[in-house]
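Student: Read off the chains here:
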Amino acid sequence: MSEHIDNETDHEAAAGGEDYPIRIRGLTNAFGDVTVHEELDLDVRRGEILGVVGGSGTGKSVLMRSIIGLQMPQSGEIEVFGHNITEAEPDEEIGVRNRWGILFQGGALFSTLTVAENVQVPLKQFYPELSQKLLNEIARYKVVLTGLPEEAASKFPSELSGGMKKRAGLARALALDPELLFLDEPTAGLDPIGGAKFDELTRELTDTLGLTVFLITHDLDTLYAICDRVAVLADKKVIAVGTIPELLENEHPWIQEYFNGPRARAATATHERGKALDNDASGKA
Amino acid sequence: MREWAEYTIEEAGGRATVVITGPMVVSSVGQIDPELRDIGDSIQTVDISQVSRIDTVGAWILYRFAQRTGADIVGGSEKAEVLLDAVERAESEAPIAPPRKRNAKQITEHVGIAVIDFFKGVVASIGFLGSVIGACFSLLIHPRRFRMKALVRQMELVGVQSLPIIGLMSFLIGIVIAQQGAVQLQQFGAETLTVNLVGRITLRELGVLMTAIMVAGRSGSAFAAQIGTMKLTEEIDAMRTIGVSPMEALVIPRILAAVLMMPLLGFFASVVAIIGGAVIGDVMLGIPFLTFLARVQEVVPVTDFWVGMVKAPMFGLIVAMAGCYQGMQVKGNAEEVGLRTTAAVVQAIFMVIVLDAFFAVFFERIGWI
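One line per chain: the protein sequences are A and B, in this order.
Mapping to my numbering: the first sequence position 85 is 85, numbers consecutive.
Mapping to my numbering: the second sequence position 39 is 1039, numbers consecutive.
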């Protein structure tokens, strides 16, 4: 797998930062005596949905927080859109902040604002020149774009169900039309139907809006259904990045256990069945 | 710096075309949006072939403009077509804020809600008082369920940890009373009565009253915020399902801690205030420090001490009850925790002062003057 990363590094050097919205080199994170990441490397390609998996406590969320600048790493380089986040000037950092959107695990909606007002917060913050009329229109269509019923715009977060909160959080994450979207366990706590619908929405929006998605998940169905590549966090590093068939050939015990456990087999079966149905349908057509 | 989207209107053969140039993205449409809104509806075509970049906000502005004027959008890239299609499907007319009512209706509604809330509050607080008493009895029956550890912890938080701030406050109040009193009494040549003034007013009134206000601000608010947050995070519900009564686990230890600590804190505050007065007596009036303290023993009747000590636990009860009650009433969101915390402090201080006035009359009637 290290070979794989080396190849990418060569390629990247030729192509420049724009092909890799996120580049991480030698990231080390530690809390007191506990080292979470040690010399971690990871690249995210433009336009892909990268799933990040790993056991509990392997620092998936810490990795995301490091990339978005909420967590100062001990050492290492994190480049987002070619800007080094760890030592960025305040101005430069803002230039990056309006190019990404983040969906936190619980939605993290501002509880005193309606959904529409939540969507308007980042817009008002970054683009105060936009008229209130336009802001209202933007909020309305973003709400519908993320699959919420249009009446949800005037509701407060406490009036929404768990799935609707996630969608509202996504609407706020997409408020600035970002190029890069971070999703922290978007399907956690959703029922399987809601989860599958959210996956579908993620894929659809990624294709429509040309997003790059950094997706932390535990949900095997999500991995099979929408992720282009999967990065596996274990032993304080990214031990493997690749498509699921590539990962299945990896000998690492955790990867084997993860993708060959009973739940993974069930997810594979569902996925295969889905593909077979698709083939049938296209065959008939 | 920033690039802005621009437009020109070209007319050819009776057809007007709006040609958009530059990026049509959220960061560049601040100027073009109101301008496009002002253009009349005599436009037949919108040419976007020279748009360098586009996102959904740009697509939305174009879509809405085309909708309003009936113009056709031409020359869009593949991405532009996809986005135009996406925003068209996502168009919505829904309100973005909850419906607002007309003023007259709103005012009557507000008044009505306030009145109903008041009575609901009265009923709820009586209910709360009842459940506190109920919990007390059930603890008397099952004394093993009593949470000694929680009580000691709360006594530390309410009592021990507030000693420095209450001490400092009382010391300064003692100084102020002695100094102001001395200035007035000197006019009658009665400055030695400063001892009576400081000794009696602190033990009877100010020591306990100021302590109650401080405890309300320090601990009453903490009770409301802690319990309120625990309600939001469903910790209280979790306790109930496990069979732990939140009344016994959270409310009783806090109330008991406040009731037990208030007399101690009040007495401590009175003593420190007298010491503050004695310092001023020494410096300003030439009454030696120790003489001042000895005089206090002579001029302050012991009933003054009892007046303070009877009131103190009552004030503690009020402060803790208001804090816990408001905390238990929290539901909904984080804002509510703030509102309830404020309400707890305001109510506690208000009720303490009202009760203090009643006590003043009461003690006068029974002859503890």
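Check before you lean on any hint, since a few could be wrong.
Chain A stretches covered by chain B per the calculated footprint, using a threshold of three residues with CB under 8 Å from any CB of chain B [what the hints assert, rightly or not]:
1. 115-129
2. 132-141
3. 180-189
4. 204-210
The calculated DSSO-like cross-link candidates involving lysine-lysine, where the alpha carbons are at most 27 Å apart (straight line), are [what the hints assert, rightly or not]:
5. K236(A) with K197(A)
6. K1120(B) with K1105(B)
7. K155(A) with K165(A)
8. K155(A) with K133(A)
9. K197(A) with K155(A)
10. K165(A) with K1331(B)
11. K1331(B) with K1079(B)
12. K1101(B) with K1079(B)
13. K155(A) with K1079(B)
14. K1105(B) with K155(A)
15. K197(A) with K133(A)
16. K197(A) with K275(A)
17. K133(A) with K1079(B)
18. K1105(B) with K165(A)
19. K1101(B) with K133(A)
20. K165(A) with K133(A)
21. K1331(B) with K155(A)
22. K197(A) with K1079(B)
23. K197(A) with K237(A)
24. K1101(B) with K1331(B)
25. K1079(B) with K124(A)
These aren't lab readings, by the way, just hints derived from the structure by calculation.
Since the model is a prediction, treat every value here as computed from it, not as a measurement.
C-beta atoms are modelled at their ideal positions from N, C-alpha and C, and glycine is treated no differently.
Student: All hints, please: hold or fail.
Tutor: Outcome of the hint check:
Closer than 8 Å: that is the beta-carbon criterion, and the region 115-129 of chain A has 6 residues meeting it against chain B, so the requirement of 3 holds. Check result for the region 132-141 of chain A against chain B: holds, 8 residues qualifying (beta carbon to beta carbon below 8 Å, three or more required). Only residues whose C-beta sits within less than 8 Å of a C-beta in chain B count toward coverage, and the region 180-189 of chain A has 0 of them, not enough to reach three; the restraint is violated. Chain B is given as covering the region 204-210 of chain A, and this holds because 3 residues of the stretch bring a CB closer than 8 Å to a CB of that chain, at least three being needed.
Among the hinted pairs, K236(A) with K197(A) is inconsistent with the structure: their alpha-carbon atoms are about 32 Å apart, more than 27 Å. For the hint linking K1120(B) to K1105(B), the alpha-carbon distance of about 22 Å falls within 27 Å, and the restraint holds. Pair hint K155(A) plus K165(A) holds up; C-alpha atoms about 11 Å apart against a cutoff of 27 Å. Proposed proximity of K155(A) and K133(A) is supported: the alpha carbons are some 19 Å apart, at most 27 Å.
Between K197(A) and K155(A) the CA atoms are separated by roughly 21 Å; this keeps the pair inside 27 Å, and the hint holds. Restraint check for K165(A) and K1331(B): satisfied, since their Cα atoms lie roughly 18 Å apart, inside the 27 Å limit. Taken as a hint, the K1331(B) and K1079(B) pair is broken in the structure, with Cα atoms around 46 Å apart against an allowance of 27 Å. Taken as a hint, the K1101(B) and K1079(B) pair is broken in the structure, with Cα atoms around 43 Å apart against an allowance of 27 Å.
Among the hinted pairs, K155(A) with K1079(B) is inconsistent with the structure: their alpha-carbon atoms are about 32 Å apart, more than 27 Å. A threshold of 27 Å between alpha carbons decides the hint, and for K1105(B) with K155(A) the separation of about 22 Å falls inside it, so the pair holds. Only pairs whose Cα atoms come within 27 Å are accepted, and K197(A) paired with K133(A) is rejected, the gap being roughly 31 Å. Under the criterion of a C-alpha separation no larger than 27 Å, the hint pairing K197(A) with K275(A) is consistent with the structure, at around 17 Å.
For the proposed pair K133(A) and K1079(B), the alpha carbon gap of about 25 Å is at most 27 Å, so the pair holds. With a CA separation close to 32 Å, the supplied pair K1105(B) and K165(A) exceeds the 27 Å bound. This hinted pair checks out: K1101(B) and K133(A) have alpha carbons roughly 21 Å apart, not beyond 27 Å. Between K165(A) and K133(A) the alpha-carbon distance is near 25 Å, which keeps this suggested pair within the 27 Å criterion.
For the suggested pair K1331(B) and K155(A), the alpha carbons sit about 17 Å apart, so the restraint of at most 27 Å is met. Restraint check for K197(A) and K1079(B): satisfied, since their Cα atoms lie roughly 24 Å apart, inside the 27 Å limit. Proposed proximity of K197(A) and K237(A) is contradicted: the alpha carbons are some 31 Å apart, above 27 Å. Of the supplied pair hints, the one linking K1101(B) and K1331(B) holds, its CA atoms being roughly 25 Å apart against a limit of 27 Å.
The straight-line distance between the Cα atoms of K1079(B) and K124(A) is roughly 26 Å, inside the 27 Å bound, and the hint therefore holds.
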